[in-house]
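To get this note's numbering, take the position in the sequence shown, counting from 1, and add 637.
If you are wondering where the hints come from, they were derived from the structure by calculation, not from laboratory data.
A virtual CB, placed ideally from N, CA and C, is assigned to each residue, including glycine.
Check before you lean on any hint, since a few could be wrong.
EDC-like, lysine to aspartate or glutamate: derived pairs with alpha carbons at most 20 Å apart [unchecked claim]:
1) K794 x D784
2) K693 x D657
3) K764 x E705
4) K654 x D708
5) K654 x D679
Label-pair restraints from in silico Cβ distances [as the list claims (entries may be wrong)]:
6) K794 x R650: 38 to 46 Å
7) S721 x R805: 25 to 33 Å
8) A656 x Q776: 29 to 37 Å
9) R702 x T760: 22 to 30 Å
10) T667 x R704: 44 to 52 Å
11) F757 x I701: 18 to 26 Å
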Amino acid sequence: MSATLVDMGKHDRQADKDADFSAYMSGRQTALYRTAYLLAGDHAGAEDLLQTAFAKLYLSWDRIRDREALDGYVRRIMVNENNSLWRRAWKRREHTTDTIPETGAVDVYDDGMGGELWSFVQTLPPKQRSVVVLRYYEQLSEAEIADVLGISVGTVKSQASRALAALRARAPHSLNPHESGDDAR
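Hey, can you work out the whole structure from these sequences and the hints?
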């Protein structure tokens with residue numbers, strides 16, 4: 638009889654774990670998907686990235702003591718996974734085609750000029766892009782970014798500075814709201 642009680646206790650703990658994880662996932666999925674999208678640069682990559690992050694989070698769920706730090710933990714997983722994808726040789730292969738694919742999907746994160754600017758952000762190296770996404774899209778502090786990426790605050794600052802300099806050099810003046818040509822005084 639005691640073996641049955643032990644099995645019931647394990648089942649109850651597993652059910653509690655699943656319920657806690659499901660509640661976290663359903664409550665945070667939209668916001669974390671946004672981060673995944675900004676890191677990956679496309680919807681399919683974002684879905685894969687977020688799914689991988691949630692799977693890894695679930696496997697570690699029992700070991701995480703600070704539930705307030707879950708978002709940071711998931712962001713770190715996504716950044717690391719995204720960087721790992723860039724290192725894989727198959728990811729770098731390009732396939733040419735004579736036809737341009739149709740792009741009928743509406744980008745929910747494109748607000749006009751933001752989409753145009755985002756095309757320049759996607760050209761940044763993975764670490765610089767991660768810093769830009771976490772700083773300017775996720776509004777994290779330099780210390781929080783350093784923690785998520787596992788780098789120093791100084792490295793965050795230098796990566797952000799290099800990224801912004803590269804964006805300024807590549808982006809046309811039409812994206813600068815201060816140089817729009819409209820002299821509304």
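Hint check:
1. A distance of roughly 13 Å separates the Cα atoms of K794 and D784; the hinted pair therefore holds under the 20 Å criterion.
2. Of the supplied pair hints, the one linking K693 and D657 holds, its CA atoms being roughly 15 Å apart against a limit of 20 Å.
3. Between K764 and E705, the direct Cα distance comes to roughly 25 Å. Violation of the 20 Å bound is thereby established for this hinted pair.
4. For the hint pairing K654 with D708, the CA-to-CA distance comes to about 17 Å; that is within 20 Å, so the pair holds.
5. The hinted pair formed by K654 and D679 fails the criterion: a straight-line CA distance of about 31 Å is larger than 20 Å.
6. For K794 and R650, the hinted distance range of 38 to 46 Å is satisfied, since their beta carbons lie about 44 Å from each other.
7. The hinted range of 25 to 33 Å is satisfied by S721 and R805, whose Cβ atoms lie roughly 29 Å apart.
8. Separated by about 30 Å at the C-beta atoms, A656 and Q776 satisfy the suggested range of 29 to 37 Å.
9. For R702 and T760, the hinted distance range of 22 to 30 Å is not satisfied, since their beta carbons lie about 39 Å from each other.
10. Range check, T667 to R704: Cβ separation about 19 Å, and the 44 to 52 Å hint is violated.
11. Checked against the hint of 18 to 26 Å, the C-beta distance between F757 and I701 comes to roughly 36 Å, which is inconsistent with it.
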